[in-house]
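Line by line, the protein sequences are chains A and B.
Sequential numbering of the first sequence, starting at 1, is according to my numbering.
Sequential numbering of the second sequence, starting at 1001, is according to my numbering.
Source of the hints: derived by calculation from the structure; they are not laboratory data.
Everything numeric in this text was worked out from a predicted model, so none of it was measured.
Among the hints, erroneous ones may be present.
[Stated by the list, open to error] Some residues of chain B that are not near chain A, with every Cβ distance over 10 Å (derived):
| no. | residue |
| --- | --- |
| 1 | T1076 |
| 2 | H1120 |
| 3 | V1164 |
| 4 | T1240 |
| 5 | G1379 |
[Said to hold, decoys possible] Only pairs whose alpha carbons sit at most 25 Å apart, straight line, appear in this in silico DSS-like list of lysine-lysine:
| no. | chain 1 | residue 1 | chain 2 | residue 2 |
| --- | --- | --- | --- | --- |
| 6 | B | K1293 | B | K1334 |
| 7 | A | K267 | A | K293 |
| 8 | B | K1549 | B | K1293 |
| 9 | B | K1267 | B | K1231 |
| 10 | B | K1421 | A | K549 |
| 11 | B | K1453 | B | K1293 |
| 12 | A | K453 | A | K267 |
| 13 | B | K1454 | A | K637 |
| 14 | A | K421 | B | K1421 |
From the three backbone atoms N, C-alpha and C, an ideal C-beta is built for every residue, glycine too.
There are 2 protein chains.
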Amino acid sequence: MRGFFYPQSAAVLGVSPRFTNLGRAIATNLIDQGFGGRLFFVGLGGGHLFGHRIYESVEALPEPVEAAVILTPAATVPGLVEACGRRGIKRVIIESGGFGEFDSDRLALEKELLAAAEAHGIRFIGPNCIGVANLENGFVVPFPRFPESIHRGEIGIISQSGGVGLAYVNRLVSERLGLSKFISVGNKLNVDENDLLEYLIEDDRTGLICLYLESIADGRRLMDLAGRTDKPILIHKSNTSAVSARIAASHTAALSEDDAVVEAAFKQAGIVRVRGAQEMINYLKVLTQPRLKGRRLGIVSRSGGQAVIAADACQAFGLEMPAFPRQFLDEFEKHFRGGVIKIQNPIDLGDLFDFTVYTDIAEGVLSRPEVDGLLFAHGYRGAETPRSREFLAAVAGMVRRLGKPAALCLLVEESEMTHVKQELDFPVFAGPEEATAALSVSHQLHLKSQWPKKSNPHKFDLDEARIGRLLDGGRPGLAQCLELAQAAGIRVAPFREVFSPEEALAAAEEVGFPLALKAGRAEVSHKSDVGGVILGLDSPRALAAGLEKMSASLGAAGLERPWPLVVQAMVEAGQEMILGGRQDAVFGPVILVGLGGIFVEILGDVSLGVAPLDERQAGLMLSQLRGGRILDGVRGKPASDRAALVETLLRLAGLMDRFSRIREIDLNPVKVLPAGQGVVALDARVVPA
Amino acid sequence: MRGFFYPQSAAVLGVSPRFTNLGRAIATNLIDQGFGGRLFFVGLGGGHLFGHRIYESVEALPEPVEAAVILTPAATVPGLVEACGRRGIKRVIIESGGFGEFDSDRLALEKELLAAAEAHGIRFIGPNCIGVANLENGFVVPFPRFPESIHRGEIGIISQSGGVGLAYVNRLVSERLGLSKFISVGNKLNVDENDLLEYLIEDDRTGLICLYLESIADGRRLMDLAGRTDKPILIHKSNTSAVSARIAASHTAALSEDDAVVEAAFKQAGIVRVRGAQEMINYLKVLTQPRLKGRRLGIVSRSGGQAVIAADACQAFGLEMPAFPRQFLDEFEKHFRGGVIKIQNPIDLGDLFDFTVYTDIAEGVLSRPEVDGLLFAHGYRGAETPRSREFLAAVAGMVRRLGKPAALCLLVEESEMTHVKQELDFPVFAGPEEATAALSVSHQLHLKSQWPKKSNPHKFDLDEARIGRLLDGGRPGLAQCLELAQAAGIRVAPFREVFSPEEALAAAEEVGFPLALKAGRAEVSHKSDVGGVILGLDSPRALAAGLEKMSASLGAAGLERPWPLVVQAMVEAGQEMILGGRQDAVFGPVILVGLGGIFVEILGDVSLGVAPLDERQAGLMLSQLRGGRILDGVRGKPASDRAALVETLLRLAGLMDRFSRIREIDLNPVKVLPAGQGVVALDARVVPA
């Protein structure tokens, strides 16, 4: 990927001297940003621009170049890529639109483009993008004007939309946050966000990575990349609804994902999901500072009201305000003027107007061992302005010295806010709510940095040969599904597959009463709907009656004989749950767990995980269930066997990970018995790919 | 209240010419804002300020004045108020701090202050505040400097914190939103937020009212005021956690409320609750425009990505994007340049750069009958700036002309954003997320304006005499509680109170088997814990055994004879729910409803309402239950009798509203039978005040 950012020479294709020409706009950015490499322009009409000759074709270029930027009508692009290939150009950025995002009849054009690139070993970004910007060497090729006032810094941006990406860049400018590299990926035909993410993770100029995505190219790879790095990865994933999917398809040819899977996968991989540009920027403000290593904030405010708001926000985001020793506070309290303020944490500065003491308080608080970070709410105007600005700079210095973060909230007029944002090389917030939210994300990322760098899934034994055989025979019937679960090491309530009343009665003796009788044919996936489940048969006589009844039901449902039936032991005890797995197009095997009955039906209370899982991740899935507390035992019920449930989840995840031939599996219901007694699956359904 | 805003003459008490004197700062604001009335200064040291004499005492004032502003040490305030009273001053604004918020030993001082005011018929705002600002006549008395660049407009602000209030004012300045009147209410010893809210509702200069509150003086009055007006009322209610309560108490002597009640009450009264200043400002931007009268938005965007984000936001906030007729779109499509964009709703402007067409599209969309409002995401820079600014002004004109709201989202550099905010007399947003949220609030307020102006609670008959008698006898036992529910018209499962096995057996014949046996003494409030509930007794023999068992249990629990017992019919059918009521210190009688069992225990899934209720409000309570769908019938169960449940809620609300002597009432469980069959309470607990 480095070749896209550090070419020694580059050509822009599609340039003319006309003011409305977009290639000219690319050239302008390159020249204004001081691109240090050799630069060539190509355009059918020829001529000159900015003192450079415009060559009439790629063939006419006087020397080989390392990278090309193309912005010409879509139909011309494959030919131009071909031409680049012949001239030995290996990196191409294609900004032209009008491919798959416009109409499906353009897919042929995309194929042509891909073929041309492949033939010459070319990697390309786009099409339908605004390209890259590397502030280090001035290789800045978007056709919209790139802000000249942007500072160089550690933030990398990868955006699937050029417009949204530029809006981010504008916000960085406003907040004086520094950019390292910017990439608009467009239709992602060749290079995708993961290729670029991997590069930015390795790039030592980049410390924080922001992505705007409308679709995800490869969820597993994204998770692996995110899991391996301590660089914060913030993703604004849009395109979450049916309507936006339609729009995104015509915008960047993006397909939409199951947003619940996206949400679960990001959590599992320690990716911070942001809901919009404002949130992204707020988080970045704290993430350019040292991480918040614990939950304990010291809060200082010139306004009592802002202190109350900050305390509410701490509560909302799970942060704490430790008490300060009286002696520590007394030191400052003597400076207060009217004796009308009692200080504590938060420290309400009330009628204290001495800025030297402000600095002492800020430094005193941030230095305290029981404090992990500082939130200072400061409001001023008029004559206090110069001393306030000095104070703010002093806090910035403390943060660097003490290695703890500080959120400065400025309650000032807009003009002063703008001044501070542009002059102070340290981020400021407009209110305590945003600041507290950002501090909590900083802590979350600190915790993530403590996770093992690679997930370490348990390797449980699977009877692979047996599972393979069971899947070979087409869609498995109930008995085969139950057997498959067993082969994955999941306990199943004892059962027998039977084909006649005699076999059923014999099986009943082995399994023991009371028992359940179930239809066993693969195509009866909703057994209860056709009378295919009879529970609580407590004697041979009841079983015989049940067999007759089911025979009638299945006949009425139009099922042809023979019907395999399953005779299965009943398990009354335990908490009912459902477990399942399916292959997600983007993230691969996904595991689901939910509390049975109304929790799933009424509340949709399920939790997802991407396989394979480790124990921490499986535990996290259970802790995210809203009704998960039920497993601890309520209403006089004993606590459930959480450990066995976790093991079952890990086994299910292992099974799905190993056998991509299983498209879907449901274990529903599963009974989680009291602690120490394990988990028993009562029913299973498997849909092979 | 008018006297606080439109005095013909005013005196500021506590003025000295010293630069650090806060009274001088008040004087500065009054002079800079051009206060039109006669102005006098009073200060112990005498002297002159701004060409005015400083009188040494209130007594020395040369003529009577209408209003006084006091900023002197707390201990001097009661005396000064007394002095004001003697000079006939009836309106006093007390900015001094150091009262109840500082220490409980200052409560005596507050009493003195109240006595002085009462003796002279004085109304006062404060203490511990920064006073009022009326931009119409320049009566602006906060001691912090009030921004001179603030525009006059229709927004009224009432703030319990001076600092937070000023931060709001600063945000109005930044966004060029206009202020009518500002009030900081401080400790609310005499005038409270409701007095001022009532005034601003009547004030024809004020069209939108924002409050920042750390405590609520009188919840019922607040709800009544809010319910009667179509002026939007937005409240930022902080102080929601235990920690913030401690801080708020020392800040403005505020007590904290039960935040769940606050939340429910605001919803019921159509008050918009905001979670911070940014949200408040975002909402105001749309609320200064005509209301969004339906859910249907037309979206136009220069960036496809912003269109995707806007579509996601529409989905999240329950707004819709109607399809436009092909013919309407064709009209515009012909202007597009490269044929690379397919337009729909959202309309992605893609490669269209003609600003005249932009204006036509905006006007075309906003004019369409199937569109209730417009969201336009616009990004530009450089040469496009002048035409863009003209375009924005044109949209502002359309909004006025067409009477529908438009949210302009500007994806531009900070300097341009600042320019537009200050020059365009029309609000702009930084992104579609905020804009969409604000539009949905506008629609919500439109719906509220359709509600009846006064809640019209059903008047069900209560047997008031019987209820009074039942409450007279101290804490009622179980039978009396059940009887009380009956007297309120709530059906109760048939029961008899008995004092001996013989009576029990006789009662059982009347009530019918199977039945429940319950301990009936008032002090046994958790009957099950002491073995005071036995269910499912299905024969005289079982009852006899039950009587013995309960006798042993109650004896073991140390309860002295005689024990009243209750024999009650069992009701197996129906959906189990809990209903309850209690007197809230701030909002008065509050009604609770929840689904029984795990829903309440595990999920805390309950919904609250402030009594009295009308049918719409009771229905709203049920619709807010997360598991409320259960009432529609699930898992083969029939739909529950929702109408009867609503009636039961209304009766319970009526009971609590009529009898403030009932501190708490629980009906738990209540069985809601299938539609048409009503509701039956199985148990009742009443705690009199």
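10 Å Cβ clearance of B/T1240 from chain A:
The assertion about B/T1240 is violated, with a minimum of 5 Å to chain A.
Between the alpha carbons of B/K1421 and A/K549, is the straight-line distance 25 Å or under?
violated, 76 Å
Run the C-beta distances from B/T1076 to all of chain A and say if the shortest one exceeds 10 Å.
The claim stands: B/T1076 keeps its Cβ more than 10 Å from every Cβ of chain A (closest is about 12 Å).
Quick one: work out the minimum CB distance from B/V1164 to chain A and report holds if it exceeds 10 Å, violated otherwise.
violated, 4 Å
Given as non-interface: B/H1120, partner chain A, CB spacing beyond 10 Å:
Check passes; 26 Å lies beyond 10 Å.
For a C-alpha distance cap of 25 Å, please report whether B/K1267 and B/K1231 respect it.
This hinted pair holds, its Cα atoms lying about 15 Å apart.
Straight-line alpha-carbon gap A/K453 to A/K267, limit 25 Å
holds, 15 Å
Has the given pair, A/K267 with A/K293, been kept, meaning a C-alpha gap of at most 25 Å?
Status holds; Cα separation ~19 Å.
Decide if the proposed pair is consistent with the structure: B/K1453 and B/K1293, CA atoms, cutoff 25 Å inclusive.
Satisfied, since the Cα-Cα distance of roughly 18 Å is no more than 25 Å.
Check whether the Cα positions of B/K1293 and B/K1334 lie no farther apart than 25 Å.
Violated, at about 32 Å.
Run the distance test for B/K1454 versus A/K637: straight-line Cα separation, threshold 25 Å.
Distance ~48 Å between B/K1454 and A/K637 Cα, so the pair is violated.
Given the hint that A/K421 pairs with B/K1421, test it: the Cα-Cα distance must not exceed 25 Å.
Distance ~18 Å between A/K421 and B/K1421 Cα, so the pair holds.
In summary, the structure is inconsistent with hints 3, 4, 5, 6, 8, 10 and 13 from the numbered list given earlier, while agreeing with the others.
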